[in-house]
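Protein chains in written order, with the numbering used here: chain C, 1 to 315; chain B, 1001 to 1491; chain E, 2001 to 2282.
One or more of the hints may lead you astray.
As the list claims (entries may be wrong) - Sample of chain B residues with no beta-carbon within 10 Å of chain C, all distances over it, derived:
#1 E1134
#2 P1148
#3 F1154
#4 S1168
#5 Y1201
#6 N1321
#7 E1491
Claimed, not checked - Distance windows between CB atoms, simulated:
#8 G169/C - T2042/E: 42 to 52 Å
#9 Q1290/B - G244/C: 50 to 60 Å
#10 F2187/E - A49/C: 54 to 64 Å
None of these hints come from the bench; they were simulated from the model.
All C-beta atoms, glycine included, are put in the ideal place defined by N, C-alpha and C.
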Amino acid sequence: MLRFAFKRLVSLSLSLVVASVVIFLFVEVVPGDPAAYMLGMNATEETLAALRDQLGLSGTLVERYLSWVGGMLRGDFGTSYTYRTPVSEMIGERLWISLPLALYALTLSTLIAFPAGIWAASKRGSVADVSVMGLTQLGVAIPNFWFAMLMVLVFSINLRWFSAGGFAGWESGFLPAMKSLTLPAIALALPQASILARVMRSSLLDTLSEDFIRTARAKGLTKRQALWRHALRNALIPVLTIIGLQFSFLMAGAIIIENVFSLPGLGRMVFQAISARDLIVVESVVMLLVFAVIVVNFAVDIAYAAVDPRLRVRG
Amino acid sequence: MSFMKLGAASALAMMMATGGALAKSDIVVAMQLEPPHLDPTGAAAGAIDSVLYSNVFEGLTRFDADGSIIPGLARDWEISEDGRVYTFSLAEGVTFHDGTTMDAEDVKFSLDRARAEDSANAQKVLFEGIETVEVVDPLTVKVTLSEPDGSFLFNMAWGDAVIVAPESIDDIKQAPIGTGAFKFANWVQGDNITLERNPDYWGEAAKLDKVTFKFISDPTAAFSAVMAEDVDVFTAFPAPENLPQFEDDPRFEVIVGSTEGETILAMNNKVEPLDDVKVRKAISHAIDRQAIVDGAQFGLGTPIGTHFAPHHPDYVDLTGNSQHDPELAKELLAEAGYEDGFETTLKLPPPSYARRGGEILASQLRAVGIETEISNLEWAQWLEQVFNGKDFGLTIVSHTEPMDINIYARPDYYFQYDNPDFQALMDELSRTTDPEARSELLKQAQTIISEDYVNGYLFQLATPTVAKAGVRGLWKDAPTQAVDMTGVYWE
Amino acid sequence: MTETGFLGAALRSRSLVLGAVLTAVFVLAAVVSFAWVPHDITSMNVPDRMKGPGGAHLLGTDHFGRDILSMIMVGARTSIAVAVVAVGIGMGFGVPLGLAAAARKGSLLDEVIMRGNDLVFAFPSLLIAIMITAVFGASALNAIIAIGIFNIPVFARLTRGAALSLWTRDYVMAARVAGKGATRISFEHILPNVTNLLIVQGTIQFSLGILAEAALSYVGLGAQPPLPSWGRMLADSQTMISIAPHMAIFPGLAILLTVLGLNLMGDGLRDLFDPKIRRVGR
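Please work from the sequences and hints to get the whole structure.
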């Protein structure tokens, strides 16, 4: 077990190093000079050079890479070129929108998917099952930004129940803030809920066909009792794995929805930073997201291996 | 249905509530772009000026609502016989928001800082003519120019020339300290900036206690923010297609003003076949300006025939030089040896006038046989490829700097127009201080570039402001990128 | 399974038939658009703009007065082309990598390929696609590359997993004993047996590709004008949604129905190819 953990740890660190080099080089070749962007059309060459110096953009590639990585190891993500504030502070602020939004969407998706999946599985082959499955097909196929636009049309423009964008801010109170996250959360949750409901259903059906359920049924439990007492708990493992995956997706994958609703979240920050050539923000946020995913994957691998020794041989 | 009625009823109740109350003393002003930081002397971003110019920071001179130059911190000035020495008398009793006094030393500091070797001022050219800045006494500053410059007072009114203090310069990007009628209060990055009334203002005090600038970049969100009355004013409203709905709604008022933005189809005068004046003339005749104004701007904008603002007294209407005439365009192309047309690039920056206008323009050019390869660029790419790299055939951009016809005298400027006669004319203009002679020279200049078909002249950008009924004192036009709130009040 | 038996089973699967029909409609629209569209979409007709559906324009006109039905037909070309090539890139690189990894299970090569896969999976895909187009410029080609890259690990992992179980089969053992090399075995014995799996996954990735292309075009990073694309039609319609909702509804429906068709087809094919899953899943 230790050996396995050690091996995975080595490959984890390697992955992180490779990822940081890839991100750095990639961002380096992004055309467009941040200084030129900031100074606009009337800037002179010497002004540009002066600003580049101030931004720390001069120096060799290797020097800049090392100072970036070194800074991150010390928890210093650099200073945004455009805003002139520490990137870590900016990330911190944006997380207060992206994190609640992801949790909100995940909660909604679970609340929809669990009952729908369980209901469909328990009434397998019925009209209910077919309609739930049909709806999930629609949910997977609908482009979420289009769904978001339609919701804006109905709920913001016609009914005026919600504002079509922007974030009320936590200082305006919990409910107004959550209200401004509601339409985005629904738009994000719909496809996730559809996937989750399908996984829930098929996982339950798998479990229901297994021997221990048959035994339970043979002992006199009704189908319903067997489902609630035994099958559900066992069917949850794959479902929880999917929820975990969806969470990391929601953190980074909300860019487009954040754009539709102009929410100042993490994804939108990166998107704007790319167009403003605020490269240090792009590098640091992408690295942070990659780091999070790699570490979560590592933790999951270790956890599974701890539970099931067969998995220690990579399969 | 019942919900909808309920919504309408509560909206009505709210309207009555606000209508019956005493005049409000705070206002929420929305705009599309957020300033990257708060130093007007350290970046080109117009959003910085929008929030801070004349509200928080003031210069020696300033723009008035109609674009004329009026005294700012300098209440009066004397110009020497030879036009080289300006002696400014500063206003008395002016303090910065941190309590320190504003005097001649601060003016010298600001101007010297802007023109210094390591200055990061985006408009350094404005200060190029300055030879020395001398402090005569605490309220008098003497500025000596290397040669006479008819536009010096105009230059000093720019946001890039505001007066800052050495005591607060280090934190200016986050905590700007100026002399204006409002002081900076708070910045929630990504969302809003708040200004508060400066109780110790040296001039006429602001009428509002608090101004919140809110940043809403998405046009759809802009529409619903106004509809939901989340904001009181939206300046430079980004979606002209939605304006008719606001006009029909008694809750709102739409004010369409003019800007200094000449929107042009810039042509690279140094690449084949655009180096041939016949080809440029053909392109100019292929353009249907009204279709572009209608299609891209939903009718907002005045067609122009040269690089000059139509609301300026010296403007000459030269649209007749380039009437929409596809047949003539084809003939001209044939004369130039391109009877089968040619292919070129059309590089478009992000604003919708460029993106939408570009699509329409491409189809108009296709009608006379010119194929364009469109690429949509972000500003950073546009600056690198088009503006600095000069790697383009055609591009659409609005030149929002006021009185910038002199860019045609710079042969290395991105469209690379090189005409010694024009350059001589501009030299003469900057040496001339007599208003009538200047007016004559400006008219000549407009005619030269129009007849040389340097660029395709499309329209003067208009700026729509949507405001709640009852807001008074907003600027209609945008002579500079300022949202001057000092005279705004609720009726 | 005999030829007619297969076809018969295919026709009995409702989702397969519905999916195939939906997909065919859009493929057909794309093909027809090369020869004929109801209205020319290269010329603008501003006075005719934002007409509602009906009359001369079945689905109405857009903000430049162009016919939306024609735009959707030509847009189908873009969507389908981008998705097909992206899936092609994914298969072209992913399948050989997966086969190689399986053939040398546990070797350094296997480790490198699998770690590389994990690495690509760890990158937030949409963000990277946006960065790729920011670096190389927005175009349909770069959208294809960006989407294609993220298809590679999907196919590599799938192929490796399936191939690993095949390597333990008797007939593969026999081939090894007969002295055939790993490459030859991979292509002669393993690949043909993972084809069904690849077709099913290919269909799913195809539909994801269409969604991804729409998302990229929506943020302005896909196909460039004048080439119509569904995602950009949606982006253009956004500020006009309150005055001309049809501009937003029809292109969105086109995406929805195409993706739905492909997903149904994928599900149907999976059931058809793998009766075991069918028994459990459906």
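Status of each hint after checking the structure:
| no. | hint | in the structure |
| --- | --- | --- |
| 1 | E1134 | holds (25 Å) |
| 2 | P1148 | holds (22 Å) |
| 3 | F1154 | holds (15 Å) |
| 4 | S1168 | holds (15 Å) |
| 5 | Y1201 | holds (28 Å) |
| 6 | N1321 | holds (26 Å) |
| 7 | E1491 | holds (25 Å) |
| 8 | G169/C - T2042/E: 42 to 52 Å | holds (47 Å) |
| 9 | Q1290/B - G244/C: 50 to 60 Å | holds (58 Å) |
| 10 | F2187/E - A49/C: 54 to 64 Å | holds (58 Å) |
Taken one by one, the earlier hints all hold for this structure without exception.
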